[in-house]
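> Given next are the chains, with one letter for each unit.
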Amino acid sequence: MRKFLFQGLLRSPLTEPAPAPGDAALAELAGALAQASHRRLGRSLSIRAVDAGSCNGCELEIHALGNAFYDLERFGLRFVASPRHADVLLVTGPVTKNMREALERTYAATPDPKWVVAVGDCAFDGGVFAGGYACVGAVSEVIPVDLHIRGCPPDPTALLQGLTALVERRS
Amino acid sequence: MMSLRETMRGGCAVERSRPWPRHVIDQTGWLRAIREIGKGHGDMLGLWSDGAEVHMLILDRASAELGIVSLACPSGRFPSVGRMHPPALRLERAIADIYGLEAEGSPDPRKWLDHGRWGVRRPGATPEPCAAGGDAYAFLAAEGAPLHQIPVGPVHAGVIEPGHFRFSANGEVVVRLEERLGYVHKGVEALMVDAPLERAARLAGRVCGDSTVAYALAFARAVESALDIEVPRRATHLRALMAELERLANHVGDIGAICNDASFSLMHAHCAILRERILRASHLCFGHRLMMDRIVPGGVAGDMALEGAVALHALLSGAKKILPRFVELYGDTTSIQDRTVGTGRLRGELAQQYGCGGVVGRASGRAFDARRHPGYAPYPELSFPVGSAHAGDVDARVWVRFDEIRASLGLVAQILDAMPDGPIRVETLPAAGETREGAALIEGFRGDVFVWARLGAAGAVERCHLRDPSWFQWPLLEAAIEGNIVADFPLCNKSFNCSYSGCDL
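As they're listed, the protein sequences go chains A and B.
Using my numbering, read the first sequence as starting at 25 and increasing by one per residue.
Using my numbering, read the second sequence as starting at 458 and increasing by one per residue.
Same shape as in the complex, but just chain B (with noise of 0.2 Å):
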């Protein structure tokens, strides 16, 4: 029997596959990786096609090694990655809505982006012009007399993005979640087809715009990976020290939502302060307070502004007075307790199963940090402490997030005196010449965010996928809510903060 690694490492490799291996495997090879996949030898972290294959990232429990898998489908079908492997369900419905590859045997051939609405079907592959009236979708059932639903969305009460939420209930109590995405699809694979580097660089930094700094960042490691180059030493730093702020502003705001949506809105004030000036302080480095563009294939956009450093040192001396104060808040007002402890629980199985990366993963005991493995410059030169914890309610989630807020206080006090002198970018990057491609696997503030290109000879995007981490977290969502009240919702729900925009494209 071949283990994982060698079914990963069988068939035929595909050249110019930078930094991890693709390796074009048989139907054979694709149901044995599935296989061992669903016996916990190693994580499912991407599916995605090209239209004419699919492709599958694994990362080898075993050796810890990554690598891609793809199966040619010139039938327009593979067999099912979701019938062995749930976590792969939503990602082969998108595959099926927009290329037409069918999963076969999947046990839900639900359409899951298209929602009938785009006027063609498969837009991927060969578009087929249709009606644009919308489609039924049929909701799982919950059948039993006390049971009543209630639909929620797609346009939700608070400043959120818009998502459908179907809840069965027995009075309080929830006894199923389904959610129905794929509102604030924008066909952002298309967009990237023939796209010019830097447009394609633009439309991969607003694919979800609160982690726009992470899909920057995985965008251009993914390039310079496909074109073998190595940025300059300070863009690499520039890059982790954006990284780190945009970190540090969404786990601070995050905190204070999840207080605020518990009526606590003290703390939710306090944390809006905080992330305030974590924002005017990017803004004050790097000209936008979301950093969007700053980071461009080849390096980053502009230097740090000479008062950046300045304000980023205020900003950090401010931030460790204040943090354990915000700890004490916390931790010692027992009527945020009582809404917290216990409340929305994600086993560690389910966690591990659906490789779930970022907070939501590490609060149940899956320590996975893209920037520790596979790791990327600058951060073996940095040390800094993983969060984790092994209760997985919310929180658990929320103390993780404190720890994640320490671990990047101390990143950017060691980024700023580390900080080396020199360029900031490969002036003009070479000429594809070929057909090349790259990936990268980077830590964002939800998780690891994965970017696959491919690019053609004359330098420009043949193919891009952008997995975002909330992929292998809405679904634990539905499973952490279940048994939970209906009003807890919203509590599990910023808990969690899976995003919308990330996981439509």
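Isolated chain A (complex conformation) (with noise of 0.2 Å):
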């Protein structure tokens, strides 16, 4: 354990150069936001993640965005375990039916201000479950959303633009 420790005083770190926002999700946010929030909450954000019906493949890019590449914690944001502590809710999936209501119950439990970010195709319209018996689709049609992360999974990369968007935005 000595090794690795030293190791990680004596190196540089890992960690990549923050990305540009997007300009697509700056675009989506514009107007959404309203600087009285920023007052309160400063520049840092707590997450709440609601898979709510994905494939897993959304949850494992946003598990990747806690490594030392990419580091989110450093733009102050983190994830926190329950809505009550959050003020973003990151939704996946194609909203199961059999979910809905508990998304729509973690959305009430979560306090305002609060924001919502769609990851994933299928959050934003069903992606390739759209139709199905099983399925709302979007879950802009469950709750609002205030932004949609699109890729099937969207990589790291990408969910960093649109959560630093949100930081950025209301900055």
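It is possible that part of the hints are untrue.
[Said to hold, decoys possible] Under the rule of at most 20 Å between Cα atoms (straight-line distance), these lysine to aspartate or glutamate pairs were calculated in the EDC-like manner: (1) B:Lys496 / B:Glu522; (2) A:Lys27 / B:Asp789; (3) A:Lys27 / A:Asp47; (4) B:Lys777 / B:Asp789; (5) A:Lys138 / A:Glu97; (6) A:Lys138 / A:Asp170; (7) B:Lys777 / B:Asp874; (8) A:Lys27 / B:Glu785; (9) B:Lys568 / A:Glu40.
No lab work stands behind these hints, which were simulated from the structure alone.
All values derive from a computational prediction rather than experimental measurement.
Hints in hand, dock the two standalone chains.
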């Protein structure tokens, strides 16, 4: 263990420079966020991830945000264990009907001001699962969405571009 | 008395079922097959329905032969397999929810996938509109004065998939865990009906995102079996390369995540770095970090990029250097060992009974690996050890993962060395021309993924069933956690790492 710890002290970090916020994300966010909330929360956002029927692909890439290359927390963004602690809901999946109520309740349990980021093509419009008996489709059909991050799944850079846009726009 | 093998070969053989025969047997044969499996003469590797018949994939232990037996259900009922062989229970409940076929005599007739939210009942048969307000669910009782219940989920604390766990605990000790899944049911089997092959392959690749390569490969091989086509050698090697990269990325990530659930974050951080490097190399080679949609019926969608091989060699040399240090870090840190050794022990008999595949089965002594048996190209040409252990605890599941990482690194090197030149895809798939059936059993990182597909004369999918390895692992988590403390559940759960989406379909 000592070797790992020494190495951590001596070697330069793996963390890569931040990607510029995505233009599309900024455009979508324009006007959606109030300056007042920024004064209240600063440049720090707590994120609660909700899988509303994803295949788990999006979750894998959301997980990757925490590794040393992307290091999400340097942007003041962190994942929290309860919607009660969250400012942002990160929702994935084509919202299965079996998850609809859980998603609605999670949204209701998140205190205002709050934002919803829909991650992945399924969350955008149901993706390949659209039209079945078991899925609602887009997340926006169930709760209001402030930002979409497309992709199947979006890679961590795309996720970072979207999420930093949220912080930038608010600052 | 007929043996299981004779029963599997009895009745009426279905033409055009590849690569394993399918026999439609009568009720007596069905009951005999169940009894033989219940006695441990065979493994039930799948139980599914197409609405008219129920099908069972059986591995006969004596002859190691695979076969599918089917029973027609004109009256909407079939004798329950789960009554004699509990691993079938949830599969039967799923069949009842989707197709309305009732498992007669089943000790657990509760609904499984159908939470009363779809607005229809029996969507796979004759859909019947109903209210979508949700059904009450009767959890199994655990009674006694000091017992209390802890409900967890479906929305969990981490970035993971949704499911509900109901713990009955006596103080800190878990007396009973009951899982309730189905939250991410997306109706994949219904979406498969009449889907053209291209769309069906995309759907198969999205049943379970972390096993997208395994599922796409299983689906492709099922279709190729049905159509009697052989894919070019270069394609089989590229497929195996993707499959091993997927296995590596998941096992490395899992070891880190298991340690993280015992708050050993140093290991987690370093595993996450290696995992990221694997995903980046995969992206360089195949243009997608998870390699989604890269395997298609007939071969692979695109060749490996030129810089891919260089990236993989760099990855291999880096991984070979760091892996012994991971082993040392895990093995020599007593505080993590204290949490993992003896925790969440899964008995070998249960792993055998459930036909439990993957790391979970192998860590409890069930040495099944679909790459070895039934085997598929190019694995018979390659040499690789299959990890195994007998302790059956969280620790054993970590060590088996280490074994498999080593084996996969060796496989990637062998595949790169032996990579044949030539075409990567059968350009035009032959027309089916008639109804044909194909099946495949593929070793994903979780265990054996089974896909069965029936193609119509025009070539589109008529029916397709995809069975995740977790069907036979989830119930065992309930057994493994018994007597452990509630705080060790995340550790046990992560060491199993069952799929929600794969089972919920």
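> Against this structure, judge whether each hint is valid.
Status of each hint after checking the structure:
At most 20 Å may separate the alpha-carbon atoms for a hinted pair to count; B:Lys496 and B:Glu522 meet this at roughly 17 Å. At roughly 13 Å between alpha-carbon atoms, A:Lys27 and B:Asp789 fall within 20 Å of each other, so this suggested pair holds. About 43 Å separates the Cα atoms of A:Lys27 and A:Asp47, which puts this hinted pair outside 20 Å; it is violated. For the hint pairing B:Lys777 with B:Asp789, the CA-to-CA distance comes to about 19 Å; that is within 20 Å, so the pair holds.
Annotation: proposed proximity of A:Lys138 to A:Glu97 holds, straight-line Cα distance about 19 Å (limit 20 Å). Distance check on the hinted pair: A:Lys138 and A:Asp170 sit about 9 Å apart at the alpha-carbon level, within 20 Å; holds. Of the supplied pair hints, the one linking B:Lys777 and B:Asp874 holds, its CA atoms being roughly 17 Å apart against a limit of 20 Å. Note on A:Lys27 and B:Glu785: the hinted pairing holds, with a Cα-Cα distance of about 11 Å set against a maximum of 20 Å.
Between B:Lys568 and A:Glu40, the direct Cα distance comes to roughly 49 Å. Violation of the 20 Å bound is thereby established for this hinted pair.
Of the hints listed earlier, those the structure fails to meet are numbers 3, 9, in rising order.
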